[in-house]
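Student: The lines below spell out each chain.
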Amino acid sequence: MEAPKLNDGKTKAGDWRSYERVLLPPVRDLHTLDVYEQHGGYSALRAVLSDGKFDPKGLATHVKESGLRGRGGAAFNTGLKWSFMPPVDPDVPRFLCCNGDESEPGTFKDRQLFEYNPHLVIEGMVLANYAISAAVCYIYIRGEYADWIRQFQHAVDEAYAAGYIGQNILGSDFSTDIVVHKGAGAYICGEETSLMESLEGKRGYPRVKPPFPAQKGIWARPTTINNVETLAHVPLIVNRGAEWFAGIGAQKHPGPTIYGISGHINKPGAYEYPTGMLISDLIDGVCGGMRGGKKFKALVPGGSSTPVLTAEQCEGVTMDADSLREAGSMMGTAGMLVMDEDTDMVSFLRRITHFYHHESCGQCTPCREGTGWLEKLVTRIDEGEGHLRDLDLLLELCDNMEGRTICALADAAAWPVRWTIRRFRSEFEAKCRPSTFAGTDLDGDGATVVAEPTPVI
Amino acid sequence: MDVSPKPMYLPTEEPERHFSDEELVWTAEEQERIDAWVAKYPTADGAVMWVLWLAQEKFGWLPAGVIQLVADSLDLPYAKVFGVATFYTQYYKKEMGRFVLDVCTCFSCQLCGGYDILHYLEETLGIPKGGTTEDGLFSIQEAECLGACGSAPMLQVTNGPYVHNLTPEKCDRLIASLRAGELPAFESVTLPQDEVDLDGNRRSDVEVIEQYVTPPVSETVH
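Protein sequences appear in the order of chains H and W. Sequence positions in the first sequence follow my numbering and run 1 to 457. Sequence positions in the second sequence follow my numbering and run 1001 to 1222.
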């Protein structure tokens, strides 16, 4: 019996038009501590630390039950990740890292949290520190966000002064610190092991796993790494309960999420809605349709490394991990790039390959050489100097990059190439130099060289 | 043979000196900040990125002498600090203009005319990307995604303020105000959903509120 299709064209977000925002609620000046407290801020921390709502293990279990999945790209169950930490040893310090190195092209959701609701992130960090018994939370923010680092540091200082961070928080015996770390422009530092190297003051070269961060993280101590948005959900789950969270959006990938939508649409921006929104609802209902009434052509659903989808493939697909996997892509960071019918997919891919070539750290040969080779080949095709055989060479290169390096950057570089060529091959063929034998029937089977555009797979 | 205590870029060259020994010192206030950073990490290494940032703000860029100063103040080997400084793109390894315009051209900006803005600035200032104007005022760089895709095309001024929703006119205004020595104010890009709920203004402490606008049609690359 065939498994039932996930993508039946029905939204999993329920009545999204009347959805009330919780991560970025419509409250003016919510970034200040006063306003945040007036709107129930730090009540989750109070409930846990003063009223004993959860012990550390209970909090981790509660978050696990809520079904919260990481919002940084891998969509791994957060509570489960916390449970990987080894048993507490009073002699061994433990760390939490908050990953704010938001560098995936197309992604700009964490910046909204830094700007409009930093205390929610801080409260989430302290709660997560409590759940995994960590002494310090390092928050790694990309260097380009200099203004937001300043603003976030100000919020941290406010929280210290009010006693929400520091020694014996809210009169309990729990103490923790938050340290803001400024990056300096390296996409690779968003990879968790590279982020740890960077925090230790080294070049951001990813480490071989295992050992995993929970065993040996920063300074070889047990470490958990979570995305900014992931941690921002934790106070909401404590306040409203795991059942509330699990009941929002797609069943297997629940909760509110921030969609960062950009490209050829009328109202681009960061929107908070439940997961499981229909792509068509997001484009037409939320973003006011395509710019200039053009036709929708392609979508990158979650940052540059997620495979591009054609308009046909997006039909009836919802924005959650399982649904997008079935459609042939990934949820990633929910940074959606919408492209209209005029988009040149070859130029588009050329810019992506340039990005990965620039950002490869150079540690592993397949990635260091492969990303440069990909860029050269796609550039050659884009400039009309490419050969049809280059397309197969590109795919072969992808085979030799995927899964052959320490971290996933080589995969992230290869996927857009592989899938853009597979799904828009005719556009690439059209830009290549015509074959010497174009139009001729070489082996007499009726098929000519450069035949019909390759069908979409 | 006389062995120089200062490491060199190449074994055969004396490193060019850009700052005198009197300049290559921290003030008491700066030393205080460094000590505070060092205290936040289990080892002094953790503070190296912060101290490099401080050095770049103070000296403008990171020649060998400045890297040596950072290494000495954290008691780290020169090679380690040099390695860190050369890994991260935002640390300047060459002298830059007073205002560095990092124009984002990564894919969201590319599709919304990021290259048009880059080319417009190149023509206006008369320098190619990667170059610096003769008066030492402006440098232009092509930047990778700066994380403001919803308000593309955009640029960043010297690791400082973001300038969103760029048009040629807005570029002209920006250059004029920079020439007058004025950095643009922090622009708060509001959320589209707030236009209904909060009249598009979320923060009362910020004067410049940018709305998300329909991106322009790119002239060169779609």
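FYI, nobody ran anything at the bench for these hints, they're computed from the structure. Check the hints yourself; a few may be wrong.
Stated by the list, open to error - In silico lysine-lysine, BS3-like type, Cα no more than 27 Å apart, as pairs:
1) W/LYS1058 to H/LYS202
2) W/LYS1170 to H/LYS202
3) H/LYS10 to H/LYS202
4) H/LYS376 to H/LYS297
5) H/LYS376 to W/LYS1058
Student: Keeping to a limit of 27 Å between CA atoms, is the pair of W/LYS1058 and H/LYS202 held or broken?
Tutor: 22 Å, holds
Student: Quickly compare the C-alpha distance for H/LYS376 and H/LYS297 to 27 Å and report which way the hint goes.
Tutor: Since the Cα atoms of H/LYS376 and H/LYS297 sit roughly 26 Å apart, the hinted pair holds (cutoff 27 Å).
Student: Would the pair W/LYS1170 and H/LYS202 pass a check requiring their Cα atoms to be no farther apart than 27 Å?
Tutor: 39 Å, violated
Student: Has the given pair, H/LYS10 with H/LYS202, been kept, meaning a C-alpha gap of at most 27 Å?
Tutor: 48 Å, violated
Student: Does the alpha-carbon distance linking H/LYS376 and W/LYS1058 stay inside the 27 Å limit?
Tutor: 38 Å, violated
This entry does not satisfy hints 2, 3, 5, going by the numbered hints stated previously.
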